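Colleague: If you're matching them up, the sequences are chains R and P in order.
Heads up: the first sequence is residues 29 to 307, going by our numbering.
Heads up: the second sequence is residues 389 to 667, going by our numbering.
It is worth saying that the hints were derived from the structure and are not from the lab.
Fair warning: this is a prediction, and the values are worked out from it, not measured in the lab.
Glycine included, each C-beta is placed from N, C-alpha and C at the ideal position.
Any given hint could turn out to be false.
Stretches of chain R that chain P covers, calculated by requiring three or more beta carbons in the stretch to come under 8 Å of a beta carbon on chain P [said to hold, decoys possible]:
1) 41-53
2) 65-73
3) 255-268
4) 297-306
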Amino acid sequence: MIEISRHISFGQYVDNGSRLTRLDPRAKILCFVIVVAAVTYISHFASLALCLLFCLFLQWLSRLPLRYVLQGMRMFISFLLILFAFQVLFYTSSTQAASTIWHWGVLTVSWEGIIHSTQVDLRVIFLYYLTSLLMLTTSLVDLADGAEALLRPLRRLGLPVHELVMVFVVALKFVPLLITEVERLSIAQATRGVRFGRGNPLQRIRALSGIIVPLFMSGLQRVEMLSTAMEARCYRAGYRGWRRSKLRALHWNRSDSLALVCSALLCALLIALNLVSPF
Amino acid sequence: MIEVNNVTFRYSGEAEEDIAPALAGVTLRIDEGETIALIGHNGSGKSTLARLLAAILLPQQGSVIVDGLRTDAGGESLWQIRQTVGLVFQNPDDQLVANTVIDEIAFGPENLGLPRFEIEERVEEVLDLLDLRPHAHRAVSDLSQGQKQRLAVAGVLAMRPRYLILDEPTTMIPGRTAEQLLETVRRLARERGISVLHITHHMHELVDFDRVIVMDRGRVLLDGTPANVLRHREELERAGLGLPLITQLGQRLRARGWSQLPEVLLTLDDLKAALCSLK
Chain R
29 MIEISRHISF GQYVDNGSRL TRLDPRAKIL CFVIVVAAVT YISHFASLAL
79 CLLFCLFLQW LSRLPLRYVL QGMRMFISFL LILFAFQVLF YTSSTQAAST
129 IWHWGVLTVS WEGIIHSTQV DLRVIFLYYL TSLLMLTTSL VDLADGAEAL
179 LRPLRRLGLP VHELVMVFVV ALKFVPLLIT EVERLSIAQA TRGVRFGRGN
229 PLQRIRALSG IIVPLFMSGL QRVEMLSTAM EARCYRAGYR GWRRSKLRAL
279 HWNRSDSLAL VCSALLCALL IALNLVSPF
Chain P
389 MIEVNNVTFR YSGEAEEDIA PALAGVTLRI DEGETIALIG HNGSGKSTLA
439 RLLAAILLPQ QGSVIVDGLR TDAGGESLWQ IRQTVGLVFQ NPDDQLVANT
489 VIDEIAFGPE NLGLPRFEIE ERVEEVLDLL DLRPHAHRAV SDLSQGQKQR
539 LAVAGVLAMR PRYLILDEPT TMIPGRTAEQ LLETVRRLAR ERGISVLHIT
589 HHMHELVDFD RVIVMDRGRV LLDGTPANVL RHREELERAG LGLPLITQLG
639 QRLRARGWSQ LPEVLLTLDD LKAALCSLK
């Protein structure tokens, strides 16, 4: 629990000048949405294997050390393994009986349950990986600019697009800060003799409350401080007639169009493979 | 010029009779180009005064006037004041919005709606001023605490304020880094005519400033040159502040018969010069 930040890379940004980093944020967001939609739809192993190949290709394009990315996913995968065990044990379907391996009371382990849970969790891992990669290769400002540009038509409906995007971006900024805060609080509690992994469930929940309550308090204080600091630098959200300018203009290049076409093709391929493949 | 006229401020929730106000009848003036150290114990009202000067808080009694504009006038003048008075917070993590150095510096100028070429010009300028050029494309999360604090100052300086308020910026950074930061700020004040109000509770930091204001329980206790302020040893001790080590050493030497030494010594160089001049 104590060295959490070493195991989570979500919300970090690495400017290594890779092709993925250089893509227009609008293209990256659109590609991300298309691929995520396809990954959410697929369920067969053949399409999941194709998805794995695509992720490896993205990993190569990003020029990020695989170890760094995997290390960032370690805690999430540990959590997912626990979830996997529950999914398998409590899986129920009308055709399950034929493939049952072990049964005790309400708990059942069946081949069908294992396969279904594996497929679901692989999809979740791919979604987490794609989201992490988007964050690792796009700065928050680019992400905000890209999302704002794509959502601009919604302004005509009276939606405060800029403010919504800023809220999202600030929330993302707080991910690594809150992780560091959890780490600090864990150390503070551990030095006072609190043991997080010991005792019955009630004792464990009580130990965790020593982190969660101060985490909320410090989170709220940080939000207040940040909003004050932003206002002190003339950030005027919701102020009529105020318009921010931008340091960087968004440029849509051929590589962005190519990325979009490739993502659409991959999406079609994943869905087609999922329809024709028996597994 | 900033004029603070008989300002009283209470935080909401404070019972008027039971708890003393954060600021009570404070009157002072800050001229252009002055470098001031604002010193006081915790809860003396230093940070509240800083926020009132930067128009983050508004006075409940009295007035704060920045270059002829009242902070409580509202409307466009509020934003003009926030542009004129730059505020740097104690913890840079509370202030930094973006996740790369360049984006962070550009955040303020972007809020001012400046054209792109001017934002670029300002970013380039402060990168050099604060020695941040080698880190220009780095992620903010990868910077050391001292580099983050320099970045926080850079972000404010990019808005070209006429008054720079530093709210205990040296609290979270090591001694040598803190000295370098203060030296940079004083150099900027000299070269650009920016007024600097440095809030601190480290007595040794006040010796290089033109003027020192000591606050105690929401009131201005002392106001004068460092040498004049340090003559009031008893008042300072009553306010929970001790003399800098060199000043203490000078006074002890005087008490032991070295009566030719000046009453107040500010720096090691002063002490060396005074000792060398003795026959």
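Colleague: Return the numbers of the hints above that this structure violates; sort them in rising order.
Modeller: The structure breaks hints 2, 4; every other hint is satisfied.
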